[in-house]
Structure formats: C-alpha cells, structure tokens
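Trainee: Turn these sequences into a full structure, and let the hints guide you.
Top to bottom, those sequences are chains A and B. Counting along the first sequence from 1, when you hit position 69 you're at 69 in my numbering, and nothing is skipped either side. Counting along the second sequence from 1, when you hit position 235 you're at 235 in my numbering, and nothing is skipped either side.
Simulated from the structure, these hints should not be mistaken for laboratory data. Idealized CB from N, CA, C, for every residue including glycine. Take these hints with a grain of salt, some might be off.
Stated by the list, open to error - Derived, one-sided and incomplete: chain B residues facing chain A with beta-carbon distance under 7 Å: (1) 49; (2) 51; (3) 77.
Claimed, not checked - What follows is a set of in silico ranges between Cβ atoms, one per label pair, in the way DEER data are often shown: (4) 259(A) <-> 15(B): 42 to 48 Å; (5) 259(A) <-> 14(B): 37 to 43 Å; (6) 67(A) <-> 62(B): 40 to 46 Å; (7) 152(B) <-> 253(A): 44 to 50 Å; (8) 128(A) <-> 56(B): 52 to 58 Å; (9) 260(A) <-> 58(B): 56 to 62 Å.
Claimed, not checked - One side of the interface only, derived from the structure: several residues of chain A facing chain B at Cβ under 8 Å: (10) 29; (11) 146; (12) 147; (13) 149; (14) 157; (15) 159; (16) 161; (17) 207; (18) 208; (19) 213.
Below, each chain spelled out in residue letters.
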Amino acid sequence: MLDDFLVRAALAAVGTAAAAGLLGCFVVWRRMAYFGDATAHAAILGVALSLAFSMSIIWGVVAVAVVMALLIHRLSGQGQAVDTLLGVLSHGALAAGLVAVSLLPGQRIDLDAYLFGDVLTVTRRDVFLIWGGAAVVTAVIWRHWQGLLTATLSPDLAYAAGVDPRREQLILTLLLAIVVAVAIKVVGALLITALLIIPAATARGLTRTPEAMAAAAVALGALSALGGLRAAIAFNTPVGPSIVCVAVTLFAVATISRKFIANGS
Amino acid sequence: MLISAKDISVHHSHLSALQNVSLTLNAGEIVTIVGPNGSGKSTLLRVLIGAITPDSGHVDRAPDLRIGYVPQKLAIDATLPMTVRRFLNLPHRVKDAAAADALRAAGVAQVAHQQMASLSGGQFQRVLLARAILSRPNLLILDEATQGLDQPGSANFYRQIDAVRQNLGCAVLMVSHELHVVMSASDRVICLNGHICCEGAPDVVEAAPAYRELFGSGTGGALALYRHDHDHHHDHAHPHEHH
Numbered sequence: 001m002l003d004d005f006l007v008r009a010a011l012a013a014v015g016t017a018a019a020a021g022l023l024g025c026f027v028v029w030r031r032m033a034y035f036g037d038a039t040a041h042a043a044i045l046g047v048a049l050s051l052a053f054s055m056s057i058i059w060g061v062v063a064v065a066v067v068m069a070l071l072i073h074r075l076s077g078q079g080q081a082v083d084t085l086l087g088v089l090s091h092g093a094l095a096a097g098l099v100a101v102s103l104l105p106g107q108r109i110d111l112d113a114y115l116f117g118d119v120l121t122v123t124r125r126d127v128f129l130i131w132g133g134a135a136v137v138t139a140v141i142w143r144h145w146q147g148l149l150t151a152t153l154s155p156d157l158a159y160a161a162g163v164d165p166r167r168e169q170l171i172l173t174l175l176l177a178i179v180v181a182v183a184i185k186v187v188g189a190l191l192i193t194a195l196l197i198i199p200a201a202t203a204r205g206l207t208r209t210p211e212a213m214a215a216a217a218v219a220l221g222a223l224s225a226l227g228g229l230r231a232a233i234a235f236n237t238p239v240g241p242s243i244v245c246v247a248v249t250l251f252a253v254a255t256i257s258r259k260f261i262a263n264g265s
Numbered sequence: 001m002l003i004s005a006k007d008i009s010v011h012h013s014h015l016s017a018l019q020n021v022s023l024t025l026n027a028g029e030i031v032t033i034v035g036p037n038g039s040g041k042s043t044l045l046r047v048l049i050g051a052i053t054p055d056s057g058h059v060d061r062a063p064d065l066r067i068g069y070v071p072q073k074l075a076i077d078a079t080l081p082m083t084v085r086r087f088l089n090l091p092h093r094v095k096d097a098a099a100a101d102a103l104r105a106a107g108v109a110q111v112a113h114q115q116m117a118s119l120s121g122g123q124f125q126r127v128l129l130a131r132a133i134l135s136r137p138n139l140l141i142l143d144e145a146t147q148g149l150d151q152p153g154s155a156n157f158y159r160q161i162d163a164v165r166q167n168l169g170c171a172v173l174m175v176s177h178e179l180h181v182v183m184s185a186s187d188r189v190i191c192l193n194g195h196i197c198c199e200g201a202p203d204v205v206e207a208a209p210a211y212r213e214l215f216g217s218g219t220g221g222a223l224a225l226y227r228h229d230h231d232h233h234h235d236h237a238h239p240h241e242h243h
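Mentor: Listed below in structure tokens is the structure:
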C-alpha cells in the first residue's frame, strides 16, 4: 500500500494536518501565531545546516526549530516588545537560511520544496517520521490537557492549583518545533502557520467546549489535507498551497453559513 | 497556621514593590488587605499562591493547605469556547453533582450550560467562586473579586462569601478597596502600602492614624452602614437608604 506515492502523500498530509490542527488550537487560544511563524521560518536555516553537514533534513530542522523555540520561550517572559523581537527573529532566520542555502557548494537544491512543500515525493520513511511526530504531539497534549488548558486560561489560576504555567508554555513551544519539522515536507516553511491556525479558527465557530474544538480542528485539518491533495491532482496545482486553499474555503463556508443561521433565527 | 509569609520583599520593575511584609493566616480566619492602587496588594497575593518568587523572605505552607483562588479578573480569549460546566472541571475534573452543589453555593445554580462569555459580571464572579470552592479549600483567596460589580452586587457577593465560609469553615484572605463592605466582617485588617502600615481588628485599624492618612476619615460612616446592614440580614443591600 505504501508503494503508491499517492497513498504515501495522503497519509503524510493527513498526519501533519491532524497534529497541526490539535496543536493549532493552543496556538489560537494563546495567540502564538507569530511563534509559529518564527519557528517555521527558522526551519529553512535548519535545511541549510542539514545540507552543509550532510545529515538528514528532518533532524537539522528539528534542531534549529527547537533552538528557535527555546529562544522565543526565553524571550516571551520579558514584557511587551516581544512582537517586534519575534519579527526580527522570524525574518532573520528565514533570510539567513535562504542565504546559507545559496552559499552551499555543489548542486543547486530545489528551495521551493522546502518553502512550499513537496508532499508527492515523501518516502516511506518520511511517512513513519510524520506519524511518529504526530503521535508524540497527540500523546503529550493528551497527557497535559488539563494543565495546558488551566495555564492557557490564566497563569495565576495555574499557579494556585500547583501547575507551573511556564512549564506548560515550554511544552507547547517544543511541540511546535516537532510540528514544524513534520510539516515542512508537506506544506513547506511558509505555510505551516496556516495549517496551525485555519482549522482551529474554523472549529471555533462550530463548538462549545475546548475538547470539541480540538476534535473539530483535527477533523477539519484532515479534510483539508485530503481535499487539497485531490484538488492538486485534478487541477495540477502544488499540493501544499492547495491544502491551505481548501482549509480557507472551509473557514469561509463555516463563517458565512453561521452568519446566515444567526440572522435566520 | 495555614500559610505564613516572612519578611517578603519584591522589587521587580513591572510589579508594585513590597518591603519586609510578614503575614500569617490561621484556620478559619477572615483577613482583609486594604491599600491604595499600586500598594502591592495583588503582588502579595501572587507571592502567597506561588506565582511570584520574592526577592527575599520566604513562604511556609501547611502540608494540608488547599487554596481556592478567585482572581481579580479572568479574560477568556474569544477563541476559546468554554461552558461553565467545563470551566468547573479545571484544574481537576469534578462530578456533576459536586459541580451543581458548588454553583448552588455560589448562587448561580442555573448557568451550568451557558458559555462563560455570555455571563454577566456578577454571574462570572460567582462562577469563579464556585470553581474555587470545588477543591474544598481551607484557604479561600480573593483578589478584588467584586471589581466591576455595583454596590448592591458586591454586597450580595460578600454575603455569598460569608455563607460559603460558614459552610466550608475555610479561612478567607481578600484584597479590597471597598472598605465599607468588607472591613467589619474581617477578624483582622491589614493596611498595606508597600509595607504594612498597620493591622488589627477593623475598629483598631479604622482609628489608626496611618490608615486615616491613606484613606482619609470619610470612610468611617460607610463602614457603620455595612454593620447595620449586616446585623439585620436584609435580603438586598440598599446602604444609601439608611444614610
């Protein structure tokens, strides 16, 4: 079954979108979208380093994304100017990555694959890594669900209940690094944040509890992945952007139909 | 002793500072901290719940200390859907019967299935109170819990706290700027302005020169009103009518 490149692509896309949808709820609730961007952009630097030291791309990306995530985590405790700092780090890492890739000796690499994803070329090994990463993300969020939710609501409520909100924040930033590493092959560094926030934003309008929103975001992410893959093959368009277009369409449909229902009643 | 803070000093730049503040709470006590804005009231509470590590001094907690914390305000992000019932499950899941009891004790029996965002200010504070008492705390900490409520609303809320306390037998530590509603119900009042200016029984503090310097003498009349209201157990507070 995994011999078919389309099956591999579908599995890779669904695994990535599901993990991103779940983590994306926290990204939306905690307003961490810029964190996602900065970590994702740093991934390009990870690609350059992996090629320079001829190691596996995914580990280079994980390493750089974790360093970036820890750096952001460290900075996030210090006042209001974080937004600007994140912008500096995010675009600095992206630019440095692009420059570093161009300086690499030897054959020119296909940067587009890392910027926009190239899910049709995923290998059997990639699929296992993606599902492994998705399983880790799901398991950790499952285990820490109550603490993560309490810390998201209010750091002080968490402290009073004996939960350290800084630790919960650190867990989320590290999970973000994993999702970025997993997603770069599927949607590329530039569109990872879309996969994090769009299914979660769509799910918000449809649900009444955090659990329902998380489940809906996972389902919407998976639906976008399959729909995007299908559309990409039908119209011969790039897969990553097609997945995001389907996710945006679902968001628009959900938002507009909710307006109609609200006006009708 | 439930909790004891000794010689607490905090001088972070973005927080109101504290110098050498010591405070001990015993089981069942009602203690009110009063002080002007920026006097470090919230900073002190946050040291006690462990949200701030003081620069010097230390906090001792009884092994069986269970804190129920009602924050000053809780801004739930609009992107986070949350029913009242689900909110009561934080940080620990509770049984439906326990949740219903807590909501009844806090005076909001009917709201379990509403979204937190749809509650009125008074209902919201009562739900926060319900959540805080679900862990059956022996210390209830309230940080300006009646902010945003009108005067009858906050008088009602304090009466609810009184009822909850008699039911649970817990100690209560609250921060307030609404001296007229709070002070006479307290066993002890601590007047804070970066350091402890004075402390003692409500009558003592009210008469203390340091207190009058901070708040003026105009609050004396209002304080008497609460006593009057409290003694007669009116169903609703209309302090102005008795003026």
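Trainee: Each hint: holds or not?
Mentor: Quick rundown of the hints versus the structure:
no. : hint                          : verdict
1   : 49                            : holds (4 Å)
2   : 51                            : holds (4 Å)
3   : 77                            : holds (5 Å)
4   : 259(A) <-> 15(B): 42 to 48 Å  : holds (43 Å)
5   : 259(A) <-> 14(B): 37 to 43 Å  : holds (41 Å)
6   : 67(A) <-> 62(B): 40 to 46 Å   : holds (42 Å)
7   : 152(B) <-> 253(A): 44 to 50 Å : holds (47 Å)
8   : 128(A) <-> 56(B): 52 to 58 Å  : holds (53 Å)
9   : 260(A) <-> 58(B): 56 to 62 Å  : holds (60 Å)
10  : 29                            : holds (5 Å)
11  : 146                           : holds (6 Å)
12  : 147                           : holds (7 Å)
13  : 149                           : holds (6 Å)
14  : 157                           : holds (6 Å)
15  : 159                           : holds (4 Å)
16  : 161                           : holds (4 Å)
17  : 207                           : holds (5 Å)
18  : 208                           : holds (5 Å)
19  : 213                           : holds (5 Å)
Hint violations for this structure: none, all hints satisfied.
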